[in-house]
Amino acid sequence: MNAVRILTAGLAFQFAFAASAFPQNSTTFKLDGIFVSDAGPRNAHSMAYDPEKKRVLLFGGADHEKVLSDLYYLTEDSLVRIEAAGPSPRTFATFVYAGPGQGVLLFGGNRVLFGSEVNPAKMLGDTWIFKNGKWKRVNTSKEPEARAEAAAAYDPIRKRVILFGGYKLNNGSIERLGDTWEHKNGRWRKIADSGPSPGNGSAIAYDPLRKSIVLFGGPTTESARGPATGETWILRGDKWQKLHTTQPPNLFNPAMATGFGPNGLVRFGGWTGTGRTNETWALRENGWMRIGGGDPPPARNHTAMVFDEANRRLVLYGGHDGEHIFGDLWTFGPEGWSLVSASFLPKRIDNGH
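Numbering (my numbering), first residue to last: 17 to 369.
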């Protein structure tokens, strides 16, 4: 039996459940309700780790009713709201540590709704910095065009943020982007004229084993429900190179973060082209390898995961499985997955892919 802190109707208590409630290899498992934590159920949100403050941050996304702009930091086992006026509500924003003394950077996103709130899709192209408890809008002479669902990660060796792809709206239709940008010392600069195919829903993170930024997955067609790719790319300097390694399952919208120990990167979940998965994979010296331990989260995409360096663990929150929006908080460490805290809210949603 596993014990987890459950919050419901404002009351905290201990609840025990069988480990079989979260099956090891299920990709079709459905909850009767939704496990949610202090920040509530949400998907298409963004998470970042601030190594200077030694804390995980969570921003925005959408719950079962509306698009959000709230900001939280993670304590040992719960999310605490930070009251700070800043960016407008949005989903699929880029949110990443910007470098020593630079704070955490937020760029772009979409006003698209998931749930019952009706908002027209609107691409955003604004750049914000969260530093010392305050948001600041940053005006730069040159920045990427408005977009959502771009992939971004911080490179601690070169002290820069790398942003790739995403999508924009072109006469009401989605146009996938394949450009690569660097953000360093408060400025955006376009780099790498060639590389991965245009796409949104790719996963990107810094790989400490290869000391480079690595990009994985994404769509292969205009349809979000269509086939995904399993390509892995590495950014060497300002040039992308395809990384020829063991081929993991093709995925769109997986969560990926810097790993620990022999795991350069750890990847979870995503859309396979026919359904969602809850598999966990690691990129090691000799290629991709499926790993496990503990009972993993239910299958999902549109989740967020970061490496909590101070506590040497991965932290995953939320997402959706096409019927439910999750609000569960998980960690992944040497012993595998562990559900940290959650509350119960019987909601359902039809949320597309």
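Hints were generated in silico from the structure; no laboratory data involved. Even for Gly, the Cβ is constructed at its ideal location relative to N, Cα and C. Do not take every clue at face value.
[Unchecked claim] Here are the simulated distance ranges between beta carbons:
| no. | residue 1 | residue 2 | range |
| --- | --- | --- | --- |
| 1 | THR262 | PRO350 | 18 to 28 Å |
| 2 | GLY141 | GLU81 | 18 to 28 Å |
| 3 | LYS70 | LYS150 | 34 to 44 Å |
[Unchecked claim] Simulated crosslink set (DSS-like; lysine-lysine; CA at most 25 Å straight-line):
| no. | residue 1 | residue 2 |
| --- | --- | --- |
| 4 | LYS69 | LYS152 |
| 5 | LYS70 | LYS138 |
| 6 | LYS138 | LYS152 |
| 7 | LYS158 | LYS82 |
Q. Is LYS69 close enough to LYS152, meaning Cα to Cα at most 25 Å?
A. holds (18 Å)
| message | Holds or violated: LYS70 and LYS138, Cα atoms, limit 25 Å. | response | violated (33 Å)
Against the 25 Å threshold, does the CA-CA distance of LYS158 and LYS82 hold or violate the hint? Violated - the C-alpha atoms of LYS82 and LYS158 are around 31 Å apart, more than 25 Å.
**Asked** Is the distance from the Cβ of THR262 to the Cβ of PRO350 consistent with 18 to 28 Å?
**Response** holds (22 Å)
Exercise. How does the Cβ-Cβ distance of GLY141 and GLU81 compare with 18 to 28 Å: does it lie in that range?
Worked result: holds (26 Å)
Can you confirm whether the C-alpha distance between LYS138 and LYS152 stays at or below 25 Å? holds (21 Å)
Problem - C-beta pair LYS70, LYS150: status relative to the range 34 to 44 Å that was hinted - result: violated (19 Å)
Checked against the numbered hints above, the structure breaks hints 3, 5 and 7 and satisfies the rest.
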